[in-house]
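Novice: Protein chains in written order, with the working numbering: chain W, 618 to 743; chain E, 2 to 239.
There could be a bad hint or two in this list.
[As the list claims (entries may be wrong)] Straight-line alpha carbon distances no greater than 30 Å define the calculated DSBU-like cross-link-like pairs of lysine-lysine that follow:
| no. | chain 1 | residue 1 | chain 2 | residue 2 |
| --- | --- | --- | --- | --- |
| 1 | E | K7 | E | K222 |
| 2 | E | K53 | W | K715 |
| 3 | W | K709 | E | K103 |
| 4 | E | K165 | E | K151 |
| 5 | W | K729 | E | K82 |
| 6 | W | K729 | E | K165 |
| 7 | E | K6 | W | K729 |
| 8 | E | K53 | E | K151 |
| 9 | W | K715 | E | K233 |
| 10 | E | K82 | W | K715 |
| 11 | E | K234 | W | K715 |
| 12 | E | K99 | E | K6 |
| 13 | E | K103 | E | K53 |
| 14 | E | K103 | E | K7 |
| 15 | W | K709 | E | K233 |
| 16 | E | K53 | W | K729 |
| 17 | E | K99 | E | K234 |
[Unchecked claim] Pair ranges (Cβ atoms, derived):
| no. | chain 1 | residue 1 | chain 2 | residue 2 | range |
| --- | --- | --- | --- | --- | --- |
| 18 | E | V148 | W | L710 | 30 to 36 Å |
| 19 | E | K82 | W | R645 | 21 to 27 Å |
| 20 | E | V148 | W | M631 | 39 to 45 Å |
| 21 | W | F656 | E | P63 | 34 to 40 Å |
| 22 | W | S708 | E | T45 | 23 to 29 Å |
| 23 | W | E639 | E | T45 | 39 to 45 Å |
| 24 | E | P236 | W | L710 | 19 to 25 Å |
If you're looking for bench data, these hints aren't it; they were derived computationally from the structure.
All figures in this text were calculated on a predicted structure; none of them were measured in a lab.
Each residue gets a CB set at the ideal place from its N, CA and C atoms; glycine is no exception.
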Amino acid sequence: MLIKIQIIVGVLSMILLLITFELIRKKRLREEYAILWLFTGIAVLVFSLWPEFLLSQFFVRITGIFYLSAVVLIAFFFLLIIVFHFSVVISKLTGQNKDLAQRYSLLEMEFKELRRRCLPSDGTPL
Amino acid sequence: MDSEKKTLVIIPAFNEEGSIRRVIEGVRMTLPQSTILVVNDGSTDGTSEKTKASGGTVLDLPFNLGIGGAMQAGFRYAFEKGYDIAIQVDADGQHDPKEIPKLLHALTEKKADMVIGSRFLGDSEFKSSVMRRMGISIFSHVISMIVGQKITDPTSGFRATNRKAIRLFAYDYPQDYPEPEAVILLHQCRLKMGEVPVGMSERYAGESSITKIRSIYYMVKVLLAIFVDCFKKPPLLG
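Start from the sequences and build out the full structure, keeping to the hints where you can.
Specialist: This is how it looks when you write it as structure tokens:
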């Protein structure tokens, strides 16, 4: 039973790692985010290869849950970090997006004003 | 008295083509020497065109940023162009432009950095739903406690700010619930606030962004935002 679960979890984590590598290679995923996904993949892979790995034993002992649940818990923990990280990133992007929109509108206004002053009313260049 | 001071009237507008003209005309009647800046917050109607036709200056945002983002764009304009006073007036016409001189007077008289036009101060009568009044009353108590000064109408968007406050708001302006949150921000930066009673009329057109059903939800969110604001690091301005 354990070996079956090990294989499934191992294959899944390897697929995750492969996809991550591929996306980095194609520059569709920034390293910043890729690192978290790589860690997730590696962690799950480690737990599938060595069920007796210190940390998984530790998890099993303190929580009393089974091996598979321990793996799921660890994967969940990593996902939590990733989602949290995304919230931080989105917040920052929202602020930058707002600043850009304001900057843009002020510059556009300035530009239109300048053009209105420099060009004759029919819009043909001097 | 304030004739030498460069004054900017900021009117944030989102789809207000029905009322913008009357608001601009009203402001021009009271303050003929001021610049009227309508911040068009990504409207899909003719707000921008109507403003230009009425002789106002338009700042067109490329997409909707919300009232906080729109107001900050206005403050940034005021700061960069060297205005001494910025006045915020709603585009829906519920703020009576004839009351603006009261705000300006209080700004110099009380030596305040921001003056809020309050609906609940003095004998001004303001008709509103029970829910809304209750909500505003709760905000008022909470915010008054935090800033250690009686603020009767923290959600009022009818305000005047001086150069010092313009500078702060150009740099940092709350985005989620800007009116009550800006009061907290000012307090954190040790700027002075004051209130004057103003009368407010019914909206010319459009509806309030807060419906009755959502008001409780809104209240909880604003209180939460205010609570979080208390722990925020205030910006350092030299």
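Novice: State for each hint whether it applies.
Specialist: Each hint, compared with the structure:
1. Using a Cα cut-off of 30 Å, the hinted pair K7/E and K222/E is violated, with the two alpha carbons roughly 37 Å apart.
2. Our distance criterion of 30 Å between C-alpha atoms is met by K53/E and K715/W, whose separation comes to about 24 Å.
3. For the hint pairing K709/W with K103/E, the CA-to-CA distance comes to about 39 Å; that exceeds 30 Å, so the pair is violated.
4. Distance check on the hinted pair: K165/E and K151/E sit about 21 Å apart at the alpha-carbon level, within 30 Å; holds.
5. With a C-alpha separation of about 16 Å, the suggested pairing of K729/W with K82/E holds against the 30 Å cut-off.
6. Between K729/W and K165/E the alpha-carbon distance is near 29 Å, which keeps this suggested pair within the 30 Å criterion.
7. Among the hinted pairs, K6/E with K729/W is consistent with the structure: their alpha-carbon atoms are about 26 Å apart, no more than 30 Å.
8. This hinted pair does not check out: K53/E and K151/E have alpha carbons roughly 39 Å apart, beyond 30 Å.
9. Distance hint between K715/W and K233/E is fulfilled; the C-alpha atoms sit about 20 Å from each other, no more than 30 Å.
10. Taking the CA atoms of K82/E and K715/W, the gap is near 20 Å; set against the 30 Å cutoff, the hint holds.
11. A C-alpha spacing of about 20 Å is found between K234/E and K715/W, which places the hinted pair at or below 30 Å, so the restraint holds.
12. Of the supplied pair hints, the one linking K99/E and K6/E holds, its CA atoms being roughly 18 Å apart against a limit of 30 Å.
13. As the CA atoms of K103/E and K53/E are separated by approximately 28 Å, the hinted pair is consistent with the 30 Å bound.
14. Annotation: proposed proximity of K103/E to K7/E holds, straight-line Cα distance about 17 Å (limit 30 Å).
15. A C-alpha spacing of about 16 Å is found between K709/W and K233/E, which places the hinted pair at or below 30 Å, so the restraint holds.
16. For the proposed pair K53/E and K729/W, the alpha carbon gap of about 13 Å is at most 30 Å, so the pair holds.
17. The straight-line distance between the Cα atoms of K99/E and K234/E is roughly 38 Å, outside the 30 Å bound, and the hint therefore fails.
18. The hint said 30 to 36 Å for the Cβ distance between V148/E and L710/W, and at roughly 32 Å that hint holds.
19. Our hint of 21 to 27 Å for K82/E and R645/W is violated, since their Cβ atoms are close to 43 Å apart.
20. Range check, V148/E to M631/W: about 58 Å between beta-carbon atoms, so the 39 to 45 Å window is missed.
21. Checked against the given bound of 34 to 40 Å, the beta carbons of F656/W and P63/E, roughly 38 Å apart, stay inside it.
22. Our hint of 23 to 29 Å for S708/W and T45/E holds, since their Cβ atoms are close to 27 Å apart.
23. A C-beta distance of roughly 41 Å is found between E639/W and T45/E, which places it inside the suggested range of 39 to 45 Å.
24. Between P236/E and L710/W the beta carbons are some 20 Å apart, a value that agrees with the proposed interval 19 to 25 Å.
Of the numbered hints given earlier, the model fails hints 1, 3, 8, 17, 19, 20; all others are met.
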